[in-house]
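K.L.:
Take a look at the letters that make up each chain.
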Amino acid sequence: MDSWAGLPEQRLLTLAQRGVADAYGELVRRYQGELYNVVYRLLGDQHESLDLTQESFVQAYNALASFDTSRPFGPWIKRIATNLALNWLQRRHVLTTPLTRPAQPGAEEPEELALPDVSTEPERVYLAGERHELLRQALLALPPHYRAVIELRHFQELSYEEIAVALKLPLSDVKSNLFRARQLLRKRLEGEV
Amino acid sequence: MSHLSLETLNHYLDNELDGAERAAAETHMATCGQCQRQLAALQELFLALETLPPAPLPRDMTAGVLARIAPPPAPARWTWRAWVALAVQLAAALILAFTLASPAVQSLFAVGNGVSFDGLLATFNGLWLRADSWLVSAQTVTSTWMNQATSVAPGPLAALAPLQWALLLAVTGLLWLVGTGLLLTPQRGTMNAER
Ligand SMILES: [Zn+2]
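Protein chains in written order, with our numbering: chain A, 1 to 193; chain B, 1 to 195.
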């Protein structure tokens, strides 16, 4: 409804907390694009990303009573979506990792080889030469825990300390993961991988 | 002087160096082409990430989210309760009517016919006049049903005395109230849940 579009976020949050579903609908309308992109950068699959984005909104709604409405909604819901996507990646990683690893002496770290299969999406093939698409593919080629720090630092603009809290990691691990992830991205973009 | 470490370059771009560290790094880079190139390459990655355009949202998901957070107020449960209440009501009225219409009860009333029953009848009529619209509805329901019942068994029901009618209506009204209470229960539950 158009009348909701004019309301400030804080008012919508208060109304949503009182069970006004349409007020929450307006918040969904405002944030769905951004949130979908958070999940899509992490998962790289359109359908999974839509599902998890919707799930994030539902979980956030169910937890809304505990949310301090004086805080901005965006970072909070993005954190929920990020956690859901990372859990999903972990499960998917476990499910797709073969039980018996083929014996290949001197092979690279298997997780760094875990490239998602993107060859079946025609739009990707079509845009494969483009710089942005190269970057997307490079991001998806990163192991999930590297992808997570890149997402939180570069797209959600968290500090090292905030990332450590969000991922429940020691600060030193956050830094080494982040710097290593950047090196991997650079190599891939510069055509060394 | 040794080159800047990868960590220092990352800290530099993340604004995580303090004033002195930052000044030292800048002093070194001013005269070191290799560290300048390292920093520029890293900076290029930062810029690429910063300028990555958002992917288009494949479809609006507002309706999908709303469907999951605000389901319609349990229509299945409502219908179930409504039908139970209605069935209980009709069954009770049916049993009562046929009991009153049976020859044995008819004879009982015939024997005791007199002043006391007229008094009772007056009381019931008084109550009836003061009853609210719910009882009027009950009368409508009951009359409708009675008309149907009459067409099935015209003999005994047509012979019902006014007192018997009054009793029948009063008891049916009572059952109707109980039935209404049953119907209102889920509504109250819904209102509580909203708060
Ligand atoms: Zn140097």
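If you are wondering where the hints come from, they were derived from the structure by calculation, not from laboratory data. The model shown is predicted, which means the values in this text are computed figures rather than measured ones. The reader is advised that the hints may include incorrect statements.
As the list claims (entries may be wrong) - A short, non-exhaustive set of chain B residues, derived as facing chain A with CB atoms under 8 Å: (1) 4; (2) 7; (3) 22; (4) 52; (5) 69.
We treat Cβ as the ideally placed atom computed from N, Cα and C, and that holds for glycine.
K.L.:
Next, verify each hint and record whether it holds.
P.N.:
Here's how the hints hold up against the structure:
no.	hint	in the structure
1	4	13 Å, violated
2	7	6 Å, holds
3	22	16 Å, violated
4	52	6 Å, holds
5	69	5 Å, holds
Violated hints, listed in ascending order, are 1, 3; each of the other numbered hints is respected by the structure.
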